[in-house]
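Chemist: Protein chains in written order, with the numbering used here: chain A, 1 to 276; chain B, 1 to 868.
Hints in this document: simulated from the structure, not taken from any laboratory.
Keep in mind that the hints are not guaranteed to be accurate.
Stated by the list, open to error - Label-pair ranges, simulated between beta-carbon atoms:
1. 158(A) - 296(B): 36 to 44 Å
2. 308(B) - 50(A): 51 to 59 Å
3. 158(A) - 407(B): 53 to 61 Å
4. 149(A) - 831(B): 47 to 55 Å
5. 420(B) - 161(A): 42 to 50 Å
6. 93(A) - 296(B): 58 to 66 Å
7. 308(B) - 149(A): 53 to 61 Å
Beta carbons are placed, not taken as given, at the ideal position from N, Cα and C, and that holds for glycine.
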Amino acid sequence: MDTLKSPSPGHPATGGTAVATGATRSASAVTATGLTKTYGRGEATVRALDGVDVTIAAGAFTAIMGPSGSGKSTLMHLLAGLDDATSGTVDLGSTRLTALDDKALTLLRRDRVGFVFQSFNLLPMLTARQNILLPLDLAGRDVDGVWLDVLVQTLGLGQRLAHRPGELSGGQQQRVAIARALVGKPDVVFADEPTGNLDTRAGAEVLSFLRRSVRELGTTVVMVTHDPSAAAYADRVLLIADGRIAGDIDDPTPEAALAGLDALRSLADATPEVVR
Amino acid sequence: MLAVTLAEMRRSAGRLAAAGVAILLGSAFVCVTLLTGNVIERAFTDAAAARYGQADMVAEWTSGTGVHPATLTRVRTLPQVRAADPVADTTIAYQAGDRTVSQATVGTATSPDLDPQTVASGRLPTAPGEVALPVHLAAQLGVDVGGTVTVTPPADTTSDGTSDGTGRRTPVDLTVTGTVDDPHGAFRDTGGAAVVDPALLDRWRALDGEGAVFTLAVATAPGTTPAELTRALASVLPDPEVRTRAEVAQSNASRLTGGTDAFTGVVLTFAAISLLVAALVIANTFQVLVAQRTRMLALLRCVGATRGQVAAAVVGEAALLGLVASGAGVAAGYLLGQLALVVAQAHTDLPLPAAVTPSVASVLVPVVVGTLVTVVASLVPARAATRVAPLVALRPADAPHVDRKAGASRLAGSLLLVLGGGGLMALGVVAGYAGAPQAGLAAAFLGGTLSFVGVLVGAVLWMPHVVHAAGHLLGRFGPASRLAAANTLRNPRRTTATATALLIGVTLVATMSVGAATASRSLATSLDGVYPYDIEVDAYGDGTAGTPSLPADVLRRIAAVDGVVAVAPVTTATMAVAAPDGRTSSDSEQTLVLGVDRATAERALRDTALLDGLDDRTVVVSRTPWVWSPPTDGEDAAGVGLRPVGTDGTATGPVVHLAARAADRAPAGGVYVTAATLRRIAPDAVTTTAWIRVGDDAGAAHVVSDVQQVLSDAGIDAGVSGLAAEREGTQDVIDTLLRIVLGLLAVAVVIAIIGVANTLSLSVIERRRESATLRALGLTRGRLRWMLAQEGMLIAVVGTVTGLVLGTAYGWAGAGAALASTGGVRVGIPWVTLGTVLVVAVAAGLAASVVPGRSAARTPPVAALAVE
Numbered sequence: 001m002d003t004l005k006s007p008s009p010g011h012p013a014t015g016g017t018a019v020a021t022g023a024t025r026s027a028s029a030v031t032a033t034g035l036t037k038t039y040g041r042g043e044a045t046v047r048a049l050d051g052v053d054v055t056i057a058a059g060a061f062t063a064i065m066g067p068s069g070s071g072k073s074t075l076m077h078l079l080a081g082l083d084d085a086t087s088g089t090v091d092l093g094s095t096r097l098t099a100l101d102d103k104a105l106t107l108l109r110r111d112r113v114g115f116v117f118q119s120f121n122l123l124p125m126l127t128a129r130q131n132i133l134l135p136l137d138l139a140g141r142d143v144d145g146v147w148l149d150v151l152v153q154t155l156g157l158g159q160r161l162a163h164r165p166g167e168l169s170g171g172q173q174q175r176v177a178i179a180r181a182l183v184g185k186p187d188v189v190f191a192d193e194p195t196g197n198l199d200t201r202a203g204a205e206v207l208s209f210l211r212r213s214v215r216e217l218g219t220t221v222v223m224v225t226h227d228p229s230a231a232a233y234a235d236r237v238l239l240i241a242d243g244r245i246a247g248d249i250d251d252p253t254p255e256a257a258l259a260g261l262d263a264l265r266s267l268a269d270a271t272p273e274v275v276r
Numbered sequence: 001m002l003a004v005t006l007a008e009m010r011r012s013a014g015r016l017a018a019a020g021v022a023i024l025l026g027s028a029f030v031c032v033t034l035l036t037g038n039v040i041e042r043a044f045t046d047a048a049a050a051r052y053g054q055a056d057m058v059a060e061w062t063s064g065t066g067v068h069p070a071t072l073t074r075v076r077t078l079p080q081v082r083a084a085d086p087v088a089d090t091t092i093a094y095q096a097g098d099r100t101v102s103q104a105t106v107g108t109a110t111s112p113d114l115d116p117q118t119v120a121s122g123r124l125p126t127a128p129g130e131v132a133l134p135v136h137l138a139a140q141l142g143v144d145v146g147g148t149v150t151v152t153p154p155a156d157t158t159s160d161g162t163s164d165g166t167g168r169r170t171p172v173d174l175t176v177t178g179t180v181d182d183p184h185g186a187f188r189d190t191g192g193a194a195v196v197d198p199a200l201l202d203r204w205r206a207l208d209g210e211g212a213v214f215t216l217a218v219a220t221a222p223g224t225t226p227a228e229l230t231r232a233l234a235s236v237l238p239d240p241e242v243r244t245r246a247e248v249a250q251s252n253a254s255r256l257t258g259g260t261d262a263f264t265g266v267v268l269t270f271a272a273i274s275l276l277v278a279a280l281v282i283a284n285t286f287q288v289l290v291a292q293r294t295r296m297l298a299l300l301r302c303v304g305a306t307r308g309q310v311a312a313a314v315v316g317e318a319a320l321l322g323l324v325a326s327g328a329g330v331a332a333g334y335l336l337g338q339l340a341l342v343v344a345q346a347h348t349d350l351p352l353p354a355a356v357t358p359s360v361a362s363v364l365v366p367v368v369v370g371t372l373v374t375v376v377a378s379l380v381p382a383r384a385a386t387r388v389a390p391l392v393a394l395r396p397a398d399a400p401h402v403d404r405k406a407g408a409s410r411l412a413g414s415l416l417l418v419l420g421g422g423g424l425m426a427l428g429v430v431a432g433y434a435g436a437p438q439a440g441l442a443a444a445f446l447g448g449t450l451s452f453v454g455v456l457v458g459a460v461l462w463m464p465h466v467v468h469a470a471g472h473l474l475g476r477f478g479p480a481s482r483l484a485a486a487n488t489l490r491n492p493r494r495t496t497a498t499a500t501a502l503l504i505g506v507t508l509v510a511t512m513s514v515g516a517a518t519a520s521r522s523l524a525t526s527l528d529g530v531y532p533y534d535i536e537v538d539a540y541g542d543g544t545a546g547t548p549s550l551p552a553d554v555l556r557r558i559a560a561v562d563g564v565v566a567v568a569p570v571t572t573a574t575m576a577v578a579a580p581d582g583r584t585s586s587d588s589e590q591t592l593v594l595g596v597d598r599a600t601a602e603r604a605l606r607d608t609a610l611l612d613g614l615d616d617r618t619v620v621v622s623r624t625p626w627v628w629s630p631p632t633d634g635e636d637a638a639g640v641g642l643r644p645v646g647t648d649g650t651a652t653g654p655v656v657h658l659a660a661r662a663a664d665r666a667p668a669g670g671v672y673v674t675a676a677t678l679r680r681i682a683p684d685a686v687t688t689t690a691w692i693r694v695g696d697d698a699g700a701a702h703v704v705s706d707v708q709q710v711l712s713d714a715g716i717d718a719g720v721s722g723l724a725a726e727r728e729g730t731q732d733v734i735d736t737l738l739r740i741v742l743g744l745l746a747v748a749v750v751i752a753i754i755g756v757a758n759t760l761s762l763s764v765i766e767r768r769r770e771s772a773t774l775r776a777l778g779l780t781r782g783r784l785r786w787m788l789a790q791e792g793m794l795i796a797v798v799g800t801v802t803g804l805v806l807g808t809a810y811g812w813a814g815a816g817a818a819l820a821s822t823g824g825v826r827v828g829i830p831w832v833t834l835g836t837v838l839v840v841a842v843a844a845g846l847a848a849s850v851v852p853g854r855s856a857a858r859t860p861p862v863a864a865l866a867v868e
């Protein structure tokens, strides 16, 4: 992989020497306390999340890993302000998400959060460039041309900006989606199974880009995945099972991540999970 | 497959319901039209039979001596006859005090069954000295029951001894025994009928030379057939023709209402337009339904459904929808028809039936037509469904698309229709100018229809470009607008179909409005040339002092009349006119010369053409001669000589030479000079005439009578003429017709608006994930709704604006072809109406987005993360 050019002077990130551990970071990007989410009532009540406390370090690449139905997606929805918690609190920086109404949450997502989806979710009628700029467009913010150039070059999208999503490969579409997530310099980027719809090579590419955006652009990334080899790109892996944090691996290797996941599986043997 | 179809229909119930409303409205329209036709026909039939009261049969003799009193007596004794009365009337002048009113008069019926009228007060006459008057006549004459009216019998023109023998008309006093009503409209034409003793009626009819009675209304004994009555009557008077009351009514009515079928036909045309629009909406809906079900259809194909079965499933669904929707349409139609009837009964005194009559046609036709239209509209989507490959079921589905490239044949066909139709239309206009308005209008109508079909067929080709341009304009108004524009452009075919549905209605609305405005303006303009003033007051003086004139204070009072905008006094003098070649006018060519003050005349005249070039050295004469031959063009410069003459025809002053100008648009025979010139030639001339301009909304008839009042108060015997009232009357007719037509077209527009809402709802469903993504990326609920609102408005504006432009062109062409021969066509554009249409369309587009917008805004952002 090529070495990345230094980021633009205007960018707040200070350089490409990010440290993997959260300990040297003064700020935490997202903090959740006693986070609980239940669906249904009475007999049919499902506790998707059960009193989760978690701190996501700023400027780090955190993976949330767990088998299907473990609550990892629900956790991400709540951390990102996409869904309401049943109880508990979520703070994004100094903002308490759990106290905001829909409109305030919407504006917060627009201005401070980036999303990368499993099925890309680009708008088919917009070009790649228009898709990338959409969040700024919605916010009525000016485009930082230098930053956009950095993103486009980093993600190798220079030749593709005028194309519509239908004319792009899956990997290209996901890179456009990453550029869209990063263009507004959000406090946190949430990626939900970003490699789920990609082949291995394109998936590896996307994960590398996510890691480089953390290391070299100073972004905070939270990625939900069930894939140990994907999780290995992260600085830290949070293992989740049955709605609770079940493990925490710093600087994981694929083997460590897989071992962690296997441990979870054997825990939950009684109810076999179907893993993709 | 039926089970699958039904299951799919349940799943898409909302979509189908929205599409069904379009068909419902269309078939309700057809149903109401047929019912209205029935009601009108029945109203006419009832009226046509009302003359016979509740008679069972009507006997007529087409030859012979007629029914004499002796014959009638014998008829009444027949066992088959319960009662029989002659069907006869005459017109008599009734007088009370100083008021005299003529009124149709009939004899008292011998049986209540045969009485076409009902008694309002008192009783019917039983003796020759009595009369019962229609209620309104009694009021007009100011007499009450028990009072007296005087009648002067018709002149004695017969010598058969029934007169008083003197040959004089001797007035007779009659006692008013009662008043009668005509609730069934038996005597609608004459405002009811007075009733006198039959003997008196016979005598009057004889005096009036009206001859014998040839028709009898008969109440028959129970069970008597027409044939039996015929035989019985023939024994008294040969060759009777007996028909039942219903038969007579039917034949009378069909004579009265040759127009009913025409009326139904015209209104059905509008119903057909509504159904066409509904078909577009249906086709659109089914296209999207098929697209949405691509995977399901592919799955069906995978498990062994044939292409035919797939197509049959779609068409079957359409047939069911059409059946249910048009059935509901018939129910709605009956409700509406009954409602309209109740309202109509409250607002008119026409004898309308109390309830609509269900007829087989009014139920079957809307259902069959509605179902057929739905099925036909679903054929193209059904074909698209058969093209879904089984393989699709095994692939991850992308956004569904039913998008085909429009073929070259479509382009060619559309161009051919547009150009051919346009050419025919141009030919029609040319024919109109060439003085063949009938042929011109026919050609313009045919050409217009053909080219409009061409425009619609080709809409897929040109409409997307219009949508594109409009979308780019909209895109300047912020991100939500840009998204809305991009969304509208992503499926140009669907947008086109939706906008086209609206285009049809709006084009026709604009055609009618512009045509009507152009027609009324052109008619007004051609009248303006002949009668440039609204009202002319003429005291019939010759302008010399001492003859009748209009004093200044009378003119001031006329100017003060409510509705009068301007009054121009005109001075006149009789003059002999000398042509430039020295042909001095003979006495018979003396004419009234009018002195006009330019400044006041300009304000008072609608058409100021006759003032062009009028100055103190020029005389203007109308090119249309009356008494005096006007100069031809070559003679204009040479001028004319004017010489004042007195009442006895002798010259009272020297000849004055003036330049002359001939005016095309001036009242025939008019000779005009400036007021100053007239004073110079005839110093004694006084004002005998005034031109009055009436405000456009003033109510000309009232102004005319107010002006007459001013004149009679002043004791001036002056003529008040002009076309103000006629002009207003014409305008009223045009406006009323236009309002009716626009009301009928409104149904088509409403259906099209439903189509817009439908298209938006379908888009919302298709774009659920996108909506969620936008919400996740930070689009607020309000702005998501606003985005959809703008999509709706964009479609509405595109359909409306193109419709308005097209319709305006059609309206011009039609009016041009029809009116060119009557004079210059003045294009009138009803800006207010067209503007209203645009505003309503935009508002409707906005309203159409409300429900889809709410469902889109409810999409939780988390849905963006869901994997299909």
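Chemist: Against each hint, give a clear statement of whether it holds in the structure.
Modeler: Hint-by-hint comparison with the structure:
Residue 158(A) and residue 296(B) have their C-beta atoms about 41 Å apart, which keeps the hinted 36 to 44 Å range intact. Checked against the hint of 51 to 59 Å, the pair residue 308(B) and residue 50(A) passes, with Cβ atoms roughly 55 Å apart. Checking the proposed 53 to 61 Å range against residue 158(A) and residue 407(B) shows it is violated: the Cβ atoms sit about 38 Å from each other. Here the CB-CB span from residue 149(A) to residue 831(B) is close to 52 Å, well matched to the stated 47 to 55 Å.
Checked against the hint of 42 to 50 Å, the pair residue 420(B) and residue 161(A) passes, with Cβ atoms roughly 47 Å apart. Look at residue 93(A) against residue 296(B): about 47 Å separates their beta carbons, and that is not inside 58 to 66 Å. Between residue 308(B) and residue 149(A) the CB atoms are about 57 Å apart, so this pair conforms to the stated range of 53 to 61 Å.
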